[in-house]
Structures are given as structure tokens and as C-alpha cells.
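K.L.:
Read top to bottom, the protein sequences are chains A and B.
In terms of my numbering, the first sequence opens at residue 1 and continues consecutively.
In terms of my numbering, the second sequence opens at residue 1001 and continues consecutively.
You may find that some hints are simply not true.
[Unchecked claim] Computed list of chain B residues with no C-beta within reach of chain A, every gap over 12 Å:
#1 ASP1154
#2 ASP1185
#3 SER1207
#4 HIS1247
#5 ALA1278
#6 ASP1286
#7 LEU1293
#8 ALA1310
#9 GLU1331
[Said to hold, decoys possible] Partial pick of chain A residues on the chain B-facing surface, computed with a CB cut under 8 Å:
#10 ILE3
#11 SER10
#12 GLY18
#13 ASP23
#14 ARG32
#15 THR34
#16 LEU35
#17 HIS37
#18 SER72
#19 THR99
#20 VAL104
#21 GLN197
#22 LEU266
#23 GLY269
#24 LEU270
FYI, nobody ran anything at the bench for these hints, they're computed from the structure.
Glycine is no exception: its CB is placed at the ideal position from the N, C-alpha and C atoms.
Protein chains: 2
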Amino acid sequence: MTIPDPIAPSRRVLMGPGPSDVDDAVLSAMARPTLGHLDPDFLVIMDEVRAMLRSVFRTENELTLPMSGTGSAGMETCVVNLVEPGNRVLVGVNGVFGTRMAEVARRAGAEVTEVQGEWGRAFTAEDFRKVAGGEKYDLVCVVHAETSTGVLQDIPPIREVADELGALLLVDCVTSLAGHAVEIDAWGVDAAYSGTQKCLSCPPGLSPVTFSARAADRIRNRTHKVQSWYLDLSLIQGYWGEERSYHHTAPINMLYGIHEALRLALVEGLDARFERHARNAKLLRDGLTELGLTVRVPESERLNPLTTVAIPEGVDDGKVRRFLLDEYGLEIGGGLGPMKGNTWRIGLMGAGSTRRNVALCLDGLRAALA
Amino acid sequence: MTIPDPIAPSRRVLMGPGPSDVDDAVLSAMARPTLGHLDPDFLVIMDEVRAMLRSVFRTENELTLPMSGTGSAGMETCVVNLVEPGNRVLVGVNGVFGTRMAEVARRAGAEVTEVQGEWGRAFTAEDFRKVAGGEKYDLVCVVHAETSTGVLQDIPPIREVADELGALLLVDCVTSLAGHAVEIDAWGVDAAYSGTQKCLSCPPGLSPVTFSARAADRIRNRTHKVQSWYLDLSLIQGYWGEERSYHHTAPINMLYGIHEALRLALVEGLDARFERHARNAKLLRDGLTELGLTVRVPESERLNPLTTVAIPEGVDDGKVRRFLLDEYGLEIGGGLGPMKGNTWRIGLMGAGSTRRNVALCLDGLRAALA
Chain A
1 MTIPDPIAPS
11 RRVLMGPGPS
21 DVDDAVLSAM
31 ARPTLGHLDP
41 DFLVIMDEVR
51 AMLRSVFRTE
61 NELTLPMSGT
71 GSAGMETCVV
81 NLVEPGNRVL
91 VGVNGVFGTR
101 MAEVARRAGA
111 EVTEVQGEWG
121 RAFTAEDFRK
131 VAGGEKYDLV
141 CVVHAETSTG
151 VLQDIPPIRE
161 VADELGALLL
171 VDCVTSLAGH
181 AVEIDAWGVD
191 AAYSGTQKCL
201 SCPPGLSPVT
211 FSARAADRIR
221 NRTHKVQSWY
231 LDLSLIQGYW
241 GEERSYHHTA
251 PINMLYGIHE
261 ALRLALVEGL
271 DARFERHARN
281 AKLLRDGLTE
291 LGLTVRVPES
301 ERLNPLTTVA
311 IPEGVDDGKV
321 RRFLLDEYGL
331 EIGGGLGPMK
341 GNTWRIGLMG
351 AGSTRRNVAL
361 CLDGLRAALA
Chain B
1001 MTIPDPIAPS
1011 RRVLMGPGPS
1021 DVDDAVLSAM
1031 ARPTLGHLDP
1041 DFLVIMDEVR
1051 AMLRSVFRTE
1061 NELTLPMSGT
1071 GSAGMETCVV
1081 NLVEPGNRVL
1091 VGVNGVFGTR
1101 MAEVARRAGA
1111 EVTEVQGEWG
1121 RAFTAEDFRK
1131 VAGGEKYDLV
1141 CVVHAETSTG
1151 VLQDIPPIRE
1161 VADELGALLL
1171 VDCVTSLAGH
1181 AVEIDAWGVD
1191 AAYSGTQKCL
1201 SCPPGLSPVT
1211 FSARAADRIR
1221 NRTHKVQSWY
1231 LDLSLIQGYW
1241 GEERSYHHTA
1251 PINMLYGIHE
1261 ALRLALVEGL
1271 DARFERHARN
1281 AKLLRDGLTE
1291 LGLTVRVPES
1301 ERLNPLTTVA
1311 IPEGVDDGKV
1321 RRFLLDEYGL
1331 EIGGGLGPMK
1341 GNTWRIGLMG
1351 AGSTRRNVAL
1361 CLDGLRAALA
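Chain A with its partners taken away, still in its complex shape (with noise of 0.2 Å):
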């Protein structure tokens, strides 16, 4: 064959729903020497990624660590540790990834019923009162920022549901964490999980993930082996616990990248973070409506580090979305499912959530849309 050249990637902005921009300290981060995966300067690093991922998800949750795998490995993760085959699983499926999250459950055996809700709305309480009917459940599944409709969850009141329910909590924070306050302790989450590659702005590859104490006694007392051997976590603890015990080899560069990543979110302070987030969000929105379009959901639940807006009526997508990325080397994203197609996603995420950003894309979108 002939072999190809080295690669050269140009420097795009990204704001598509993910990957975002990446930090160049984060990006050199990653270019370290690799250590070998029980190299004592190395589990010096696993403590201190393990540390900052507890700030970063306001947790003291003991069993808080990066799963080897994309945002999807992370909502495996919770799910077929957490479950066991004729579990009753309640999800609320208004996107993307609430409708993965229950199919996933359904291939951990367990028996699911959907909670299902507009596209582009957030749930109230009493949707999943209603469906779950006062019938007693082992676990409940919401979404928190769903990707796909660029809709923020209200937590605590799914939380009381689930309560009443006599579940457990699982709640997807792939793209509010570090973007959008996410608070597992105050909440009472008892499992979660996210991504590097959104508001942590670190390039894809982990999967952050927490459980409470109570949800890591469930995992404790299973009587069915977590179907994944990758992904148990009875078997990964022996490895970022104390025992140190060989499992799988850690991606240790990737890991380089997520340290310097909660790093850079600590340093600034998630609060600011989180205002930051709110501020260039807002900027984009007033600018797309004074742009003529229309920003979807309802203010109240728009998700700031993601904002979906409707294309224009006999407007050419593909076309669009070519001429920003050829002309301003610049990335956003299309629609899902039934949002293909009439959808834009711009995401404004950790490090790509910059004035500089805003003004790019909204004069990108006059010139398109010219």
C-alpha cells in the first residue's frame, strides 16, 4: 500500500455538541512521556484526577473515577452495574440519549418503561409520576443536558419521584458538567455520568463517572456478574483503589489530558465557570434572534453550553454548515432524529465558550444565511 502522510489537522473553532476546543496546556499534557500504568509517579496522577473529578461533581462519592471509554462507555457503565436481569427501569426520553439509556438498559435485561416527553421540553415531576403509576421501581434514568434538543433537566424534582418510587437515581451529565452546575451530593444523585470532550474541554476518550455510597452497595450485593468485564467496576476498583491490581492498561495519556483539564476548570473556579457559560450563552442567543432565527426550547430550560436554534424555511443545511467550516474553519452541528435536517446545535463549551467565539459564528451564519 501506499503509506500516507503524517496528519495535519487544521485548527478548526468547534462548536458543534462536541469535541470542543481544547486547551492547548491540555493538548501538551497529553504529549508527555507515557508512564507505565502502576508507575508510582503515575498513581500520583490517578489520585489527583480521582480528587478533582470529586470537586468538579461537588461529591465526596468514594467510587468517583474516569472510565477507559467515550461518554457512551460511562452511561454503559452505570447502567449494567447498576442493573441486574428483570430489573424495573423507569427512563425519561426526550432526546438522543434518553432513548439510549433505555435501550441500553434493556440489553442489561432489565424491564423498561419510557417516560416519554417532547423533544426540546424538559420533564416536570409529574410526568414521571404519572407513568410510573406509584408502582415501586429499582432505578430511574434522566438526562440532565440532553445533547441532541439542547434541553437543561430540572434534577431534585425527578429525585423526589424517584424517592417516592423506592429508586435509585442515574442521571446523564455529559454535557453540563463544567458548564452547567451539577451537584451530586446536594441532589442526591446516586449515579452519573459524563465526557471529556464538552465542557471539560479535553479531547474524547474518558468517561467520568460517581456513585453514591448507597449505589456502590448495590454493585457490592449483586447476585448476576456485571455482564461487562470491561466495564465492571468491581473488578476496575481493585485498580484506583487501594490494591492497585492490574485490570486493564489505564489510557494513561488521555488521563494526562483530563488532569490538566479539571486543572484549568478548578483554576478558574466553576462558578465563574458556569457564569462564563451563562454570559456567552446569552450573547449568542440575542445575536441568533437578532439574526432572524429562532432559538428552540423555552427559556427556562435551555441548556447554556448548547443552544439548538430552527433553520430557516428553504434554507440548505449541509450547505450551510460546509461554507462556515470551508470559509471560517469553523464547526457546528446538525440535527438528530426528528431534528435532522431543521436543526442547528452551536455549542459554546469550556474552552470554546469565548466572546470571540459568539462574534464568529453569528457573523458566519449573516454571511450563510445572506
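Let chain A serve as the given structure and place chain B on it in line with the hints.
P.N.:
Then chain B, alone, in the frame of chain A:
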């Protein structure tokens, strides 16, 4: 919390069972700007990675791609996609990784029969034939390069037995790919997985897999859904194939790394690379013997990328390895399972298979044992 300082990992010489030393060109590639996972420039990189993987696996298999997890995720991918509940699976168990394959297959609902072999020895076809007893099997699994024992398994005889049993053949090539000849097509292997952190000398985080046309057929004709959504090839092919449909966000910068690592392997030339691994392994073994140490595994069954050596009576395993790390910045590996405490595993993999590393390791051991 106190925010940790940025990481500052030392430049080790990695002569354990992996990760191995990573070429600076690979580390630099990983630090290039992140592209979107549907960016047209990234799609080119994906196609090049697949083409190069086919070259390195020596296969024309269409279904060849890197999975978004470490080597064990590749193992699980092969098993959960090929096995349906109740399938009969025959697994050669003569080390940690055969043991693991059997466990993963049981968790996938297979009826597993183990061919027990001595740790530190390869299998004969007769070993498999005897245990199989002429019954039909769906899948035969064997490890080409046992990372726990340093044994190289001859594959064609096992292929013959698999044919007799009407079974597909799955082979673990984690520690052999790009260090020993792996001949997927010539040997008639139906499925294989590897890792990036061994003879490809890329940091851990991806697992190359390949499937023959009939293995791909079996996946297409499954009657049960694959239990893992994250590892479901029928979905993942939608992203790596023509449709480019979203499944999960690919680990972009890890794929930059493997692109460069594959390039370097092909620029060197596979045969020259195998020859280099053989040459340096021989130098190491000769040197170890001169030091009065006993190299494990009969000569004809030895793995070139990984040499196992008996720890002399009365020598403290941990103390020696700590001395090498502190005084030489050199990592070698300890033993696993029944070899824990009595065996060292010394890797000469990929970029780390050099005459300089052999000399360094021998000098270090000489000093440690003096």
C-alpha cells in the same frame, strides 16, 4: 481542595509488558488540534487508519477498525459480537488472557469449555482436539502472544482443529501485532484483536480488531442483540463505513496517535520490524543467561517482544524493580497469577526494542543482583 500542579512525568524506559516506549512523533501527533468526529478531514484520517491496520494485520478484511477502548475492550468486542447465548465456545487457557477470554465468553452467555494448558507453554492441536472430543463448537479462542507468560502460539494447527469442529477462530494478538508476524488471511483467522501500547508503540486507549467475511456474516445474522451497546459492531460500522452515522464520539487524538504509529511501522517495513524484535530479544536472552538467570519458556515457543525470566531464589522482586526505576528510570514487569513474585517480564516492544535498551536492562539487573 488544593489544586494539584501540572503533571511532570519522567521519561522512563518502558521495558515492562506494556505500555512500551512511545516515539516522539506519535506523542506530537496526539497533541495536534482536535477535529470534529464528522469533519471531512477527520474522515480521511479514519480511512487511512483502517487501510494501514489492514496492512499490519495482513488482511483484506473489510471489517477492520480500532475500537474506542484498550485491548480488553477489543477482546470483549470480539466475544460479545460473535457469541450468542448458549453458543459453545472452546478456549485455550494457559495464562491470564486465555482465562480472561473464557470469563468474558461466560458473561456473554456462552457455554465455555476450557482447554487447560501449562502456564509458560504453547498448545498443540492435540490439546484442543482431545478436550473438544469431536463435538461441534461455535467458536475457538486462543492467545497468539500470552503477555502473562511470554509464550508464542502457533496458529495454523489451531485453525485446523477449529475447522474440524465447525468453529470460527478468535485470536488474541495484543502483544504480537507489529512485533511478530500476524497473518490474519494466510492463517484463516476469523477474528482478532490487539492493543496500541505494545509493539505499535502508541499510548494505550484503542484496540484494533478485524473480522473475516464469515465472521461479519455471523454478526449480521445474529438473532439476539449484542449485549453491549457501546461495543455493538452493527452500529459502529455505521460510523466507520459509508454512512458516517453518529454512534459515539470517536477518541480523535488517540486516532491521531495510532495513525502515526501505524505509519512508522509501515515505513520501517513489517518484516524488518519483526527481524529487529527477534534480534534484540536474542541479545537480551543471551545477556540474561550470561548473568546466570533462567529464561522461561522453551526456545521455540518464546515471544520476541516479551521475555519472561525466573527471579533467583532469595531475590526480592519489588526491591529489584524499584531499584531499576529509581536508579535507571527503567520499568520491567512483575509476574501475574502463579508467576507473581517468581517471574520478571521484560518487554522489547516497538520503539523500545533497541540494542540500547537491552544494554541498559542488563546493566541494571547486573547492578541490582550484585
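K.L.:
Run every hint past the structure and note whether it holds.
P.N.:
Taking the hints in turn, this is what the structure says about them:
1. The non-interface label for ASP1154 (chain B) is consistent with chain A: the shortest C-beta to C-beta separation is roughly 26 Å, beyond 12 Å.
2. Chain A leaves ASP1185 (chain B) outside its interface by the beta-carbon criterion, the shortest separation being 14 Å against a cut-off of 12 Å.
3. Distance check for SER1207 (chain B) against chain A: the nearest CB is about 10 Å away, which does not clear 12 Å, and the non-interface claim fails.
4. With a cut of 12 Å on Cβ distances, HIS1247 (chain B) falls inside the contact zone with chain A, its closest approach being about 8 Å.
5. For ALA1278 (chain B), the requirement that its beta carbon stay farther than 12 Å from each beta carbon of chain A is met, with the minimum near 23 Å.
6. The beta carbon of ASP1286 (chain B) is kept farther than 12 Å from every beta carbon of chain A, the shortest such distance being approximately 26 Å.
7. Every C-beta of chain A lies more than 12 Å from that of LEU1293 (chain B), the closest at about 22 Å, which supports listing it as non-interface.
8. The Cβ of ALA1310 (chain B) sits about 20 Å from the closest Cβ of chain A, beyond the 12 Å cut-off, so the non-interface label holds.
9. Remark: the non-interface label on GLU1331 (chain B) conflicts with the geometry, its nearest Cβ contact in chain A lying 5 Å away (cut-off 12 Å).
10. For ILE3 (chain A), the shortest C-beta to C-beta distance to chain B is roughly 5 Å, which falls under 8 Å, so the interface hint holds.
11. Against a cut-off of 8 Å between C-beta atoms, the interface hint on SER10 (chain A) holds, since the closest Cβ of chain B lies about 6 Å away.
12. Below 8 Å, beta-carbon pairs count as interface contacts, and GLY18 (chain A) has one with chain B at about 6 Å; its hint therefore holds.
13. Annotation: interface hint on ASP23 (chain A) violated; nearest CB of chain B at approximately 10 Å, more than 8 Å.
14. A cut of 8 Å between beta carbons decides the hint on ARG32 (chain A): the least distance to chain B is about 5 Å, and the hint holds.
15. Taking 8 Å as the C-beta cut-off, the interface hint given for THR34 (chain A) holds, the closest approach to chain B being about 5 Å.
16. Proximity of LEU35 (chain A) to chain B holds as hinted, the smallest CB-CB distance being about 5 Å (cut-off 8 Å).
17. At a threshold of 8 Å, the smallest CB-CB gap from HIS37 (chain A) to chain B is about 7 Å, leaving the interface hint in force.
18. Of the supplied interface hints, the one on SER72 (chain A) holds, with its beta-carbon coming within about 4 Å of a beta-carbon of chain B, less than 8 Å.
19. Nearest Cβ of chain B to the Cβ of THR99 (chain A): about 11 Å, over the 8 Å cut. The hint is violated.
20. A cut of 8 Å between beta carbons decides the hint on VAL104 (chain A): the least distance to chain B is about 5 Å, and the hint holds.
21. At a threshold of 8 Å, the smallest CB-CB gap from GLN197 (chain A) to chain B is about 6 Å, leaving the interface hint in force.
22. Evaluation of the LEU266 (chain A) hint against chain B yields a held restraint, the C-beta minimum of about 5 Å falling below 8 Å.
23. At about 10 Å, the closest approach between the beta carbon of GLY269 (chain A) and any beta carbon in chain B exceeds 8 Å, and the interface hint on this residue is violated.
24. Evaluation of the LEU270 (chain A) hint against chain B yields a violated restraint, the C-beta minimum of about 11 Å exceeding 8 Å.
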